[in-house]
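**Student:** Same order as they appear, the protein sequences are chains R and Y. Going by this note's numbering, the residue at position 95 of the first sequence is 95; the numbering climbs one at a time, nothing skipped. All you need for this note's numbering is the position in the second sequence, starting with 1, plus 1000.
One should not assume that every hint holds.
Stated by the list, open to error - Cβ-to-Cβ under 8 Å is the rule here; a few derived chain Y residues that face chain R:
(1) Gln1230
(2) Thr1320
(3) Val1324
(4) Glu1655
(5) Ile1659
(6) Ile1687
The hints are simulated quantities; they were obtained by calculation from the structure and are not laboratory data. Even glycine gets a Cβ: it sits at the ideal position worked out from N, Cα and C.
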Amino acid sequence: MSQSITLRVNGQSHTAQLDPEMPLLYFLRNALELNGPKYGCGVQQCGACMVLLDGAAQPSCVLTVRQAAEREIETLESLGTPDRLHPLQRAFVEVQAAQCGYCLNGAILCAKALLDENPSPTRAEISAALERVLCRCGTHSRIVRAVARAAETTPTTE
Amino acid sequence: MDPRSPTPLATCDRRDFLRRAGYLSIGFSLLGLSGCAGEARASGTGAGAAPGGPPLDDERVDAWLRIHPDSSVTVFTGKIAIGQGILVALRQIAAEELDLALDAVKIVMADTGLTPNESYTAGSASIEGSGRAIRRAAATARMLLLERAADRLGVATGLLSVAGGVITGPDRDASVTYGDLVAGEQLTARVAADAPQKKPADYQVVGHPRPRPEIVTMVTGAKGADDYVQNLRLPGIVHARVVRPPVYGAALRSVPEAEVRAMPGVIGLVRDGSFLAVLAEGEYQAIQAWQLLRQRAVWDRPAPLPAQAELFSAMPGRATGTEVVASVAGLEQKFRQVLATVEATYTRPYQMHGSIGPSCAVAAYRDGQLTIWTHSQGVYPLRASVAAMLELPPADIRVIGVRGAGCYGHNGADDAAADAARLAVALPDRPVRVQWMREDEHAWEPYGSAMRLQLRGALDGNNRISVWETRLWTDVHSHRPGGDAAELLAAQYLEGGPEPPTEGYLGGGYRNSQPIYRIPDLHIEAHRIEGPLRVSALRSLGAYGNIFAIESFMDELAEQAGEDPVAFRLKHLSDERARAVLEAVARQVDWPGSTGEGGAWGIALARYKNEAAYCAVAAEIAYDPAGERLRVLRLVGAIDAGQVINPDGLRNQTEGGMIQSASWTLLERVTWEGGGVTSLDWESYPILRFPEVPEVEVLLIDRPTEAPLGAGEAAQGPTAAAIANAVYRATGQRLRELPLTAEKLRSQGR
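Between the sequences and the hints, there should be enough to build the whole structure, so can you do that?
**Tutor:** This is the structure we're talking about:
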């Protein structure tokens, strides 16, 4: 029942024998040991498992590896590293936009997709772009502030 | 050896193993009984690195901090980081007293193998408790180091100066470092409570905002020691899912054993009484088996749960015990003497912690030693509880605290740890990872208790409150494991498991039931009920419901008096710090504040636990009756937590508390039917999403010379009442049943 499937993740191709109906999330977390995408609800309601699929923010907890094959998948890890933070990540650190931080994967990736489309969003546009992400600690206002800050400090020509 | 096969067991006492492992009807498909547990360490997971072992006597300095050759320091706290930013604040305290740069102070949190026993990380008590202990230990260390330096340099301690871990004599050419002075011999002396502490006026680190380094890990997904337990990947790890009953108390009758065992990747089933779990090589394989078991396992259901509609009306008839919190003689007589009495009944539903990351734990059992990685708020009490559940000596168990998703109290963390522990002893030598599924987290976490609050009050001829009565009904607000096996969910379903849980802690139910105001005659009774749902500590316990009721009622009394709510409160307040937070918020919003169509501001105040931080909140709401939309637009809070350790951390916690409370207050209510809980996902239990979140602003009132006060739960109650009061001022309708919804305004307005 498993079949050979090739997935493009963070610029690299991975071919593996997989159950084609397995949600992408489990491949990313367990085969590739990526920490960005996290299990939250399994039904696309909370955004903890968000990835970028061909540049658009997409939960990975229902999307199967078969559906994700041949698509360009980017995870939080593709943005930056602790030594070389992406402007969005830097803005989150500068604003200290975290409490427990479990939602930040979804928040940052939704913000990335937003800023790629709309480099100068309004607060309302930022909130709308983050609607699919649930935060339980109440860090929302800092998260919105961090995204606005990243938009201000990122050259729009990039 | 095939890493997937459990270590053989032949020379072990198999009966003893079965008692502990207890898989009664179904064994492991790969189980081979031909050798004894042994080469566990070969797989090098670090799992058994230092299991058990008594921690150092926490009266010793080196129980709290150790000094390294390079003069840097590691601090040990028994508290755990759960998103509240505690670690950087505790490092700030140690760095300050030791005159070290913040970067020179590292910290190890909650670990029964390494840190002091500080029981639970709860009650907003980490800065007050762990902070005080670390400050005393650091001050003692500094004093001892100065004494050693004085000996070494041949000068009086008073002539020495300290900077960056270097102690320098008066002539500046003679100096010695902390590392030199310790030279591998830690400071084993007792902590001196009276060791001189730095004066707040001299603080360089405390009182200044300092960033939390773990946020870099969070925003990058980088692997690090400060990672989440959900990301712990040990070699040979096995994924497990527990199949919970369809409803509380259901008994497992049959399981499609052969079918599950034949599923790809499935290693084994554990069935012990009505505790049922599946273990698999892959996480998705475990989930698939879990799904099949959810559909096909057969359970005997107990009597249906009582109807939700009758929850609050049935409470007065269901009291099983009463505590009188405050009493006054001749209460009815006093009420008869007044001209008019104001009465109101408020309710607070069951509400959930609702962590975004479902509870998770990893456990490994090898060589008779059990190691558990958990986001529990209390590693020591959990160790005792698990030891009781598994009948293992506590010394053979090490519980290591690891960061998790925010819990806001006693959620499923301890239960997931108990699940993992139970499964690890059934599968020795392989680390077992359990993560709860979302529907299990929603259905099985212990909720914040429902409450009914009946208030009655009267004014004297000067429009002052002369008499006040509160009668409240509530389930208890803490069923933390506390060393008892019975409070662990897994234990409740094991064959021959412990007796049912204890009654729990009622005190949380009347937390903050005493108004902060000057009231001559005050009578408060708290009645315990045993509600239908599983409950335990949720952020602020009963304070949320009590403050919602008291502060709503204060506005109702102010209206009776024909007075402004802020002025009415101030005339009943003698505590200057309480007045200061209220006045700060009123000033900030230019009380009564200006708003748009359909809007108004409301205000409320409390001192958490009547002994921790003071917090006042003003809320601006907007109600659009045509669109049936009730929104909170802005929240402005002021908080006085005494001496502020990390201003940005305090601000962050308070912002978060206000937003979380707004979510509870506007949206949240656990629902159930006879057959079980029906709040099973984020659609059936919605919480506030980004577009609905109010703008927040927090004013800090720093009092550097006062003791630091617990602050993490201070905003919950005032926010709720401020919203309710704003709704009344905007609409003329008083909503007394949480959550406060547009739907209630519409139906009440008819």
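**Student:** State for each hint whether it applies.
**Tutor:** Hints and how they fare:
1. Gln1230: Since the shortest Cβ distance to chain R is 6 Å, the answer is holds.
2. Thr1320: 33 Å, violated
3. Val1324: Since the shortest Cβ distance to chain R is 36 Å, the answer is violated.
4. Glu1655: With a minimum Cβ separation of about 6 Å from chain R (threshold 8 Å), the hint on glutamate 1655 of chain Y holds.
5. Ile1659: At about 3 Å, which falls below the 8 Å cut-off, the nearest Cβ of chain R leaves the hint on isoleucine 1659 of chain Y intact, so it holds.
6. Ile1687: At about 6 Å, which falls below the 8 Å cut-off, the nearest Cβ of chain R leaves the hint on isoleucine 1687 of chain Y intact, so it holds.
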